[in-house]
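Which chain is which? The protein sequence lines are G and R, in order. Take the first sequence: its letter number 14 is residue 13 in numbering that gives the first Met the number 0, and every next letter is one higher. Take the second sequence: its letter number 476 is residue 475 in numbering that gives the first Met the number 0, and every next letter is one higher.
Worth flagging that the hints you see were computed from the coordinates, not collected in a lab. Even for Gly, the Cβ is constructed at its ideal location relative to N, Cα and C. Some hints here could point you the wrong way.
Said to hold, decoys possible - No farther apart than 16 angstroms at their CA atoms in a straight line, the calculated lysine to aspartate or glutamate pairs in the EDC-like style are these:
no.	chain 1	residue 1	chain 2	residue 2
1	R	K325	G	E469
2	G	K236	G	E469
3	R	K325	G	D494
What the hints assert, rightly or not - Chain R is faced by these chain G residues, among others (derived, beta-carbon under 8 angstroms):
no.	residue
4	G106
5	A313
6	A316
7	L353
8	S472
9	Y473
10	V486
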Amino acid sequence: MLNIKGKVHENKNEHEHALKLYVEYTQANFTCILSLIVTIVLLLASIDITSLTIKPYLFIAFVAYAIFTGMQIVITQKIKKDLLMLGEIQKHTRKWGYIQLFSILTGNIFIVIFALNLIKMKQTPEYTFAVYMVLTQIAIIAISALNVFKPYVANLFPIAMIVLFIITLFQIAVLFIVARYANGHTVDQRMIFIVIPLFIISVTGNFFALLLGCSLLIKIRNNYRPGTGKWNGIWEKISQNMTAMLGMLFIIVAFSISICSYFTFDYDMAVENNYSAILQSPSPAYPLGTDNFGRDVFSRIVFGARISLVVGIASTAIPAVIGGIFGALAGYYSQRTDNIIMRLLDVLYAIPGLLLAIAIIAAFGANTINLILALSVGSIPTYARTMRANVLMVSNYEFVDSARALGSSDLSIIFKYIVPNSLAPMIVKATLTIGGAVIATSSLSYLGLGVEPHIPEWGNILKLGSEYLESNSYLAIFPGFAIIALVLSFNFLGDALRDALDPKMD
Amino acid sequence: MEGGDVKTADLPGLIPYTYGKMQHRHTYQFILFILGLPVYLYVFVIYLFRKKNDAYFSIREEIKQSLLSSEYSERMKLEFKDELVQKRKFFNTDISEKQIDNQVEKWTAEYFDKTLAEKTTKKLKEQGRERVTFAGTFQQLLLKRLFLYLSFIPGLLMYSFILLYSNPYIKYLVERLFMTIFVVVGVVFFVFTILYLSPFDPAANILGETATKDQIAAFNHLHGLDQPYFIQLWEAMKGIATFDLGLSFEGKEDVAASIANRFPVTFKLTVISLIMAVLVAIPIGIISAMKRNSFLDYTFMFIALIGLSIPNFWQGLLFILGFSIKLKWLPATFNPESWLSMIMPVIVLGTALTASVARMTRSSMLEVINEDYIITAKSKGLSQSQVLRKHAIGNAMIPIITVIGLLFGGMLGGAAVTEKVFNISGIGSYIVDKQFIPDIPAIMGGVVYVAITISLVNVIIDIMYAFFDPRIRSKMKQY
Numbered sequence: 000m001l002n003i004k005g006k007v008h009e010n011k012n013e014h015e016h017a018l019k020l021y022v023e024y025t026q027a028n029f030t031c032i033l034s035l036i037v038t039i040v041l042l043l044a045s046i047d048i049t050s051l052t053i054k055p056y057l058f059i060a061f062v063a064y065a066i067f068t069g070m071q072i073v074i075t076q077k078i079k080k081d082l083l084m085l086g087e088i089q090k091h092t093r094k095w096g097y098i099q100l101f102s103i104l105t106g107n108i109f110i111v112i113f114a115l116n117l118i119k120m121k122q123t124p125e126y127t128f129a130v131y132m133v134l135t136q137i138a139i140i141a142i143s144a145l146n147v148f149k150p151y152v153a154n155l156f157p158i159a160m161i162v163l164f165i166i167t168l169f170q171i172a173v174l175f176i177v178a179r180y181a182n183g184h185t186v187d188q189r190m191i192f193i194v195i196p197l198f199i200i201s202v203t204g205n206f207f208a209l210l211l212g213c214s215l216l217i218k219i220r221n222n223y224r225p226g227t228g229k230w231n232g233i234w235e236k237i238s239q240n241m242t243a244m245l246g247m248l249f250i251i252v253a254f255s256i257s258i259c260s261y262f263t264f265d266y267d268m269a270v271e272n273n274y275s276a277i278l279q280s281p282s283p284a285y286p287l288g289t290d291n292f293g294r295d296v297f298s299r300i301v302f303g304a305r306i307s308l309v310v311g312i313a314s315t316a317i318p319a320v321i322g323g324i325f326g327a328l329a330g331y332y333s334q335r336t337d338n339i340i341m342r343l344l345d346v347l348y349a350i351p352g353l354l355l356a357i358a359i360i361a362a363f364g365a366n367t368i369n370l371i372l373a374l375s376v377g378s379i380p381t382y383a384r385t386m387r388a389n390v391l392m393v394s395n396y397e398f399v400d401s402a403r404a405l406g407s408s409d410l411s412i413i414f415k416y417i418v419p420n421s422l423a424p425m426i427v428k429a430t431l432t433i434g435g436a437v438i439a440t441s442s443l444s445y446l447g448l449g450v451e452p453h454i455p456e457w458g459n460i461l462k463l464g465s466e467y468l469e470s471n472s473y474l475a476i477f478p479g480f481a482i483i484a485l486v487l488s489f490n491f492l493g494d495a496l497r498d499a500l501d502p503k504m505d
Numbered sequence: 000m001e002g003g004d005v006k007t008a009d010l011p012g013l014i015p016y017t018y019g020k021m022q023h024r025h026t027y028q029f030i031l032f033i034l035g036l037p038v039y040l041y042v043f044v045i046y047l048f049r050k051k052n053d054a055y056f057s058i059r060e061e062i063k064q065s066l067l068s069s070e071y072s073e074r075m076k077l078e079f080k081d082e083l084v085q086k087r088k089f090f091n092t093d094i095s096e097k098q099i100d101n102q103v104e105k106w107t108a109e110y111f112d113k114t115l116a117e118k119t120t121k122k123l124k125e126q127g128r129e130r131v132t133f134a135g136t137f138q139q140l141l142l143k144r145l146f147l148y149l150s151f152i153p154g155l156l157m158y159s160f161i162l163l164y165s166n167p168y169i170k171y172l173v174e175r176l177f178m179t180i181f182v183v184v185g186v187v188f189f190v191f192t193i194l195y196l197s198p199f200d201p202a203a204n205i206l207g208e209t210a211t212k213d214q215i216a217a218f219n220h221l222h223g224l225d226q227p228y229f230i231q232l233w234e235a236m237k238g239i240a241t242f243d244l245g246l247s248f249e250g251k252e253d254v255a256a257s258i259a260n261r262f263p264v265t266f267k268l269t270v271i272s273l274i275m276a277v278l279v280a281i282p283i284g285i286i287s288a289m290k291r292n293s294f295l296d297y298t299f300m301f302i303a304l305i306g307l308s309i310p311n312f313w314q315g316l317l318f319i320l321g322f323s324i325k326l327k328w329l330p331a332t333f334n335p336e337s338w339l340s341m342i343m344p345v346i347v348l349g350t351a352l353t354a355s356v357a358r359m360t361r362s363s364m365l366e367v368i369n370e371d372y373i374i375t376a377k378s379k380g381l382s383q384s385q386v387l388r389k390h391a392i393g394n395a396m397i398p399i400i401t402v403i404g405l406l407f408g409g410m411l412g413g414a415a416v417t418e419k420v421f422n423i424s425g426i427g428s429y430i431v432d433k434q435f436i437p438d439i440p441a442i443m444g445g446v447v448y449v450a451i452t453i454s455l456v457n458v459i460i461d462i463m464y465a466f467f468d469p470r471i472r473s474k475m476k477q478y
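The shape of chain R in the complex, shown without the other chains (with noise of 0.2 angstroms):
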């Protein structure tokens, strides 16, 4: 099946070659006759024609036949019955001998079968010859110029598909962002579902208790509500795709145009937390690492232990309390005008993300200059930090990238509360203020935006990764 070694850089060469190993994933397979299909049929012809003088049965009935005059399989029935009776006898249970003979049958029909494949191919390679499949047939005429330049133009899909996979890189890349497209497609309907199963009925608390059943029809038809679950379900994805979410239940405005208002606010908040977070626990971790167990090491790691144990919200009041309330240095209040009023926020924001960077910094880094390559370092005389700067950090700093990616996740969820505590206007006190209608498609606009941020932050992530992590790249080109 392999083509070989074909490690040209020449198209036509890599062509066979990749397509070759492409044929072990049942998926590949199917996506390339979709994509290929007027040249998988002129190959169907050829192969037909091919198999038709294959020698591979006129051998393999050869063998058979020489294999039942030499009472093979009676052999390797004594065989395997010997083999149960130990077994019975050893382990002492009861099995009965009619069992026996069942499972030998069994086993002499597989073993069979299994040596008569193996021999008809020895031999056939022993004639130099090789039995007519489909996938090599394909291959075989695709190592013939001729063939690839003719076929160029109708199979041009499948050539570009297969040329993307010959890219470690970007079959890396297209691998990656399928999945994130099915993550959010799952995550739209997970949500959906969610909500359409709920028992609430929004019309009925839009509308009020006195509202008639016409009123409530007409506010489902108006709605699509009344649609069945597929239909408001495709509607849903397509409205997620489109950015026309329709307008909202209540206050009737557009579900989307609100989204695009908040949403940058949030996002503005958690990445300026984020770039404070990692400025202040980056450093703290290194120092905690390299003074380990030492006094400051410990307040640092309690002071980070108390961080990640306060509750944003309490954080907040007692920020409001101190700061606003009994000092009168910052506002309560957010708003987009002051940075003075993006202080507290932030911080709130920052803490728990700062407290568990700081703790997997340390982590990280007592893991590091532990290895043998850093004793190495040091062993060639380098100072301190010299062996932290161009040897430690930057290893260290690998799982931490990945750590912060996960974390960016939470925080942009966790934003709701510090924006309810500051009176924010975001994406979380959005979803928040809708819930309790529920709003179905704001709710649902508000989550899957932000999953689908938080999916391309961390797709961005790993793909950095893949390009800088040597580990990843060779370990991307072996499969």
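Chain G extracted, bound-state conformation (with noise of 0.2 angstroms):
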């Protein structure tokens, strides 16, 4: 960032772009509007419109929300002052951010985020990661947690809590390390001691840790290699944009507390049923509520969230890598080879996705093996398309010319050279496409034809759901919302993605 020396004296216009070069205004912006809608959605349900009653706790969680939203307001007025008039954001407004640190409490996780950001003069992608990182495995712990309110818990459950415990304690220990410490463009040798650590971590899930440890990893060894700046430059535009970075959190929260809940949740509470407690509203011990089989609703959507992740991957990579290898063969060789492999992809392109996954799972049956293959063929010919085309305009580059006149075959040619420099558009559309994967995933799952009925997956939470419409409405709200949420994820990210690696954004 820059900094800018400035007078107090001095006019306001020579500062305007100091409001489009701190990042720090347009998050606290997007912030407030995120803060500002949650608490009116908090209003809104606090009061009970037929009988005009107050809901107690509810309407303590709006004046909560209420007042940091209000303290937000006054802090990004107070930073556009700043900015107008310094040009640079002054110690003391930097220093409001630790009292907004407490909405923590309320679980406000935007205001937090933005919080953290504020404090940190100098933000470098690592600081991001590990404040992301921390935020993860709280919400694994507190996610966790709501099952101490259930009659029993998982065998595994307090040890598990108390592993978790402990790395976030060591999280946090490596946030102020990487706050103190991280911000050159080298490290410390010695920082290698935590960066074991943060690899053994993310066996959890918690790929923040993965992140932040490769890019330690990068700068200890400090050598810089083609190809380390550009992992620095994409992660820097990334770890600024906060929709995707709020997007990555959902999904690295919804992939973590796949894998905790193998030990913190009980499988059982999901698909055993237990008749006396038959549609149930919400409550402390059922935080949303449970169906028509008494399983417990907010168990069976973690659980749904491993389906629909592994599905929504698997979906995409197998078509990626399929349709990749076909579209670089034809990019890469002659016109024939091009003709033929593209007008047999052609037929496939010809059938919408979602009808030729009926057709397929008509014939093969419907379970999730075939499912995913089923959504991965008809999103074949994209892949290919997108491929070809990057192919084609990688291959008339010197250094592939210069490859072929050093001897390289045809095959080394396009798999080391040209389709490590065209993976760039795949990568983005993959992201992309997931979102559209999961929700296909769900869409078949609801007609029937996806996931057994009896797994918990959110499509089928759904289809039960939408049966208690008139009754029961939350049943087919609350995995709607979770379908929504994972899938605006991976498209904010793709969208971030995209602008990270567009060279004509530069």
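If you follow the hints, you should be able to join the two separate chains into one complex; please do so.
Next up, the structure:
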């Protein structure tokens, strides 16, 4: 960031550009809006329209949110004033961030993130990763802790919670170390002692730990190899994009809870019938109520994340690889090969993805593996087209000619030189289509053509809930929010990746 | 080979020119041969006759002798060997002498042949003659009016094909339609094969577990399931083409008739959604692009992203919950007679399309308004709205129309979910209902007719482009 030595008496207009230069200002505005929306939703939820009474717990939550949102608006105005008058954010304005940190007690994650960004003068991707890593871990603990209200918990629950708690303490320590010592282009060699534990922690599904570890490792080795500069540049752009980071936060929390739920959640709660607790409204023991078999909807949604992520990622990765290979071959070889491959894929392209999936499932039966295959087949042509267009462009570059002159074989030219250089649009496309795959999965499950009905999957939960739309509408609403949140997160991340990887944006 | 710059409008001149152009593609050579077989036979006789008197071979022999006597190959060999030895030295690879010698032999032989052919052609040209080839002979004959008139009746098919090809628009159209037919045949083959490979037994599913072997055999015989694969495939192709798919396995109803009943429902719904989506999305996209990075832009794009992320069936359920159950404004199920019941399905079906078209319009507009010609238009003193109307929107729409065409397909296919939510008896819910058995003719018919509709829509869009977009027009004329 630029540090402009400002004079108080300078004209306002001279610092107009500072508003755009400082990410904090954009983030402050964005946080204000999000926080305000949540506050208004809480207010509406806390008032019972029919009887005009106030629900006490929700109203308290609303008041807490309103206080922090109000402070947020004040801070935003202060930042604006600072930037316009001085061209930089004053130290004591940044101190306000410490007060805002307390909003973590209300669970207002937007303000917490903003506060943590405001406190730190110079934001590095490592600091952002560390912040999100800690937040992920806290979210996991909070979600798991809801099990305390249940009649019984999983056997491994106490041990798992203690382990998670220790990990969180370690991560907070890492956050302080990173904030203090990892600001330059290089870091101390001794950082390796926190990198290794970070890699081990990422086994819990907390990929922010993995990202942080990788970033630190690159800085420790500090050899400016080609590629590492790119890695930093891309992550610098993404880590400043709050929507993308929030999207990533949700995806990683979903991923991590899918792993941690093996230890902290009881699978029986989600699948075993419990006729003493049928169609109960949300309560501490059953945070999202129970369905018509007495199964806990919250546990079902948590376990459903596993299926949605696995199917979504697998049915994106498989066609991306197959379509990528076809596209690379079609783009590299002669017109005849190109024609044959692309015309055959046109046949697949002509059938709408969902209908093709229905036909395949009709033929081979409804289960998870068939679902993945059915969704994969339909999206091969789009990936092949994307890859082909890139390969056509990249194969005209000089380094391909030089590789050919040095006697590399065609296959090694394609896969060692051309494909790595045409991956960026494929990654963006894949990220943006995972969301579509998640929607397709739940749509097919809703039609009874996806995952087997007894498995907790978001589409299955919704299908059940749709039958109780009139009496117990929450059964259909909550899983829908989970689907939207996951898809939205992938779309945010995909948009940010596209902006970061697109050379036109530079 | 090329017939020179024959750009006359008269037919007799056009034919040999186009014929020469068509010789570049093997497929066309083959089609011409089939269509104009009698003419080809006559020309072949003349070709044989001319070839006898061809000077080519005598000249070639002459040059070969001169090359051999001048020790041309020996020189080449030394040169190649030197090259390979240098290369070995430079890259420090271990290649044996023998390998090098083999390579040298190969290269020399290749090079010798090439030089020989080149020199012969050059000499022929110097003498003002051409090597007698079949295509050349044909082309020369076509230039003669008399030959053309005499062969007109036997070669009618061939000549009409050549004339079709001579017009770039018609050629493009015919090629595009041919591709569509290929795709449709491919779709039938693919869908049928998938259903044929199915491990399920429709007979056992319909007749129940108590069915005897004879009953199952009779069922299979009735529906032709006991026939070999290729006969069944042929029957399926014939059925699709003649709109006669036989009876469905369950209920014994005419598949083609039920599809014909249900298809218009889905099609109407989709088209109305499409129109609504376009009317809403394009203005939003343009406004967002014009007020880039403003609060309005962010809000629109955020809503669009939510629209992309919302599952159809969930949105439908929420609408039913809100507008039918709570507010009681709109009926929850679809009824062809009441237009009120159309509102919710149309909005639900169109949401994703609206969102993508709005996003696409925005990015396309942003790309266009940064072009140089827009700056020129502005510097001419045109107002913002004039620049937009006359210069920007038209060009920004080109990629959007393609996207709409492609998304229309996804919408027609994805309608199944919306139809199920609102209880609409369209083609999508028909396929879903039939898949449990699985009712092979019904599923195949449904999927294939939807695919055909989508292909036709895309063909129409492509052809419209060819006429409206000058860039595509000039590209078409080049090849």
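Hints and how they fare:
The suggested pairing of R:K325 with G:E469 holds, with an alpha-carbon distance near 9 angstroms, which does not exceed 16 angstroms. Among the hinted pairs, G:K236 with G:E469 is inconsistent with the structure: their alpha-carbon atoms are about 46 angstroms apart, more than 16 angstroms. Of the supplied pair hints, the one linking R:K325 and G:D494 is violated, its CA atoms being roughly 37 angstroms apart against a limit of 16 angstroms. Because the beta carbon of G:G106 sits about 22 angstroms from the nearest beta carbon in chain R, more than 8 angstroms, this interface hint is broken.
For the restraint placing G:A313 at the interface with chain R, the shortest Cβ-Cβ distance is roughly 19 angstroms, beyond the 8 angstroms limit, so the hint is violated. Restraint check, G:A316 versus chain R: the minimum CB separation of about 20 angstroms is more than 8 angstroms; hint violated. About 5 angstroms separates the beta-carbon of G:L353 from the nearest beta-carbon of chain R, less than 8 angstroms, and the hint is met. Hint on G:S472 holds. Least Cβ distance to chain R is approximately 5 angstroms, under the 8 angstroms limit.
Violation of the interface hint for G:Y473 is found here, the shortest Cβ-Cβ separation to chain R being roughly 11 angstroms, above the 8 angstroms cut-off. Look at G:V486: its Cβ gets to within about 4 angstroms of chain R, closer than 8 angstroms, so that hint holds up.
The structure fails hints 2, 3, 4, 5, 6, 9 (numbered hints given earlier, in ascending order).
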